[in-house]
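Letter by letter, the chains look like this.
Number of protein chains: 2
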Amino acid sequence: MADMKSTASIAKRGLVMVITGNGKGKTTSAFGQILRAVGQGYQVCVIQFMKGRKYGEIIACEKYLPHITFYQFGLDSFVMRENSAQVDIDLACQGLEKAKEVIQNGKYNMVILDEINVAVDFDLISEEAVLDLVKNKPPELDLILTGRYASKKLIDIADLVSEVTEIKHHYNAGIKDRPGIEY
Amino acid sequence: MADMKSTASIAKRGLVMVITGNGKGKTTSAFGQILRAVGQGYQVCVIQFMKGRKYGEIIACEKYLPHITFYQFGLDSFVMRENSAQVDIDLACQGLEKAKEVIQNGKYNMVILDEINVAVDFDLISEEAVLDLVKNKPPELDLILTGRYASKKLIDIADLVSEVTEIKHHYNAGIKDRPGIEY
Numbered sequence: 005m006a007d008m009k010s011t012a013s014i015a016k017r018g019l020v021m022v023i024t025g026n027g028k029g030k031t032t033s034a035f036g037q038i039l040r041a042v043g044q045g046y047q048v049c050v051i052q053f054m055k056g057r058k059y060g061e062i063i064a065c066e067k068y069l070p071h072i073t074f075y076q077f078g079l080d081s082f083v084m085r086e087n088s089a090q091v092d093i094d095l096a097c098q099g100l101e102k103a104k105e106v107i108q109n110g111k112y113n114m115v116i117l118d119e120i121n122v123a124v125d126f127d128l129i130s131e132e133a134v135l136d137l138v139k140n141k142p143p144e145l146d147l148i149l150t151g152r153y154a155s156k157k158l159i160d161i162a163d164l165v166s167e168v169t170e171i172k173h174h175y176n177a178g179i180k181d182r183p184g185i186e187y
Numbered sequence: 005m006a007d008m009k010s011t012a013s014i015a016k017r018g019l020v021m022v023i024t025g026n027g028k029g030k031t032t033s034a035f036g037q038i039l040r041a042v043g044q045g046y047q048v049c050v051i052q053f054m055k056g057r058k059y060g061e062i063i064a065c066e067k068y069l070p071h072i073t074f075y076q077f078g079l080d081s082f083v084m085r086e087n088s089a090q091v092d093i094d095l096a097c098q099g100l101e102k103a104k105e106v107i108q109n110g111k112y113n114m115v116i117l118d119e120i121n122v123a124v125d126f127d128l129i130s131e132e133a134v135l136d137l138v139k140n141k142p143p144e145l146d147l148i149l150t151g152r153y154a155s156k157k158l159i160d161i162a163d164l165v166s167e168v169t170e171i172k173h174h175y176n177a178g179i180k181d182r183p184g185i186e187y
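Quick note, the sequences are listed as chains Y and X, same order.
If you want my numbering, it's the position in the first sequence, counting the first as 1, plus 4.
If you want my numbering, it's the position in the second sequence, counting the first as 1, plus 4.
Keep in mind the hints are simulated off the structure, nothing from the lab.
These numbers come from a predicted model, not from an experiment.
Note: identical chains are not told apart, hence a pair may lie in one copy or across any two.
Derived DMTMM-like pairs: lysine to aspartate or glutamate, alpha-carbon spacing no greater than 20 Å straight-line:
id : residue 1 : residue 2
1  : K102      : D136
2  : K16       : E186
3  : K16       : D163
4  : K102      : D127
This is chain Y alone, in the form it adopts within the complex (with noise of 0.2 Å):
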């Protein structure tokens, strides 16, 4: 607990920071995000939506970071705007409701919604909910809200917004998906 009121008074004022754009980077920059902070002494919390799997950045984190509490909700399979299922929608929801009781309960400087604009993008929860989730935010706390599709109201009401745009991926050039790179 003497932890956390040391970390607490970090954030004078809180950013709302949304990582969007098509090219590769988001989770990535977010994750960056998070090491800086836990160096910093922050207490974070990332909510990663329409994720299930154990990624590279998880089992660092998890294996050597301090400071930081994990959620995800997700299947371990992609979820296409078209083929969304009932259980993508009910994991989704479940996410949000986590959100807002992390976004309020005290306990961390720093939370990630990791993918959160691709879920409401896909229409699996409402952006009025997500947008509530921001306007009702403290305002020591610093959230991040990653991934593409980040809809124009949210950019309105959010302090920085970054677009990483995609100019050349090896993708492309039939180079597949790797450990260590893309998970």
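Please build the complex by placing chain X on the supplied structure of chain Y, with the hints as guidance.
Only chain X this time, still in chain Y's reference frame:
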């Protein structure tokens, strides 16, 4: 050494990845990539050009993560395009020499050359030298080059190029940089 051997086979076809653009999230993304790579057992080396501070991400890596080696070749102050001094050039050239060494010595699966694109754009080191570095890398090594102003020739020979664009930045709203967010 047993560790090295087991990881040396990870990267079947090493990639040249460039992270450029004017938005927040380039170095951050490279450090997320480091986290992912370390989670998958990679040996990683980071060389930072034009940077000399103990950023949060470095504190976290040094304190918690194994398999990472760091070198910084910069002062604690920022180099501007028009005010670079001989010491900036000397440090960047030393960074380039170290980069050659760690790319060729077979100890690492992934090498990050952080801000090297800026060092080239500011004429601290030559574009040709960096292109040679990339072209002569061992085939299995993953190489990541970050920083604004990536040159066209570098983009041409890269496998992946992501451009991070600033859509919105809290600096423009008068919010200053802060530990855990910018450093």
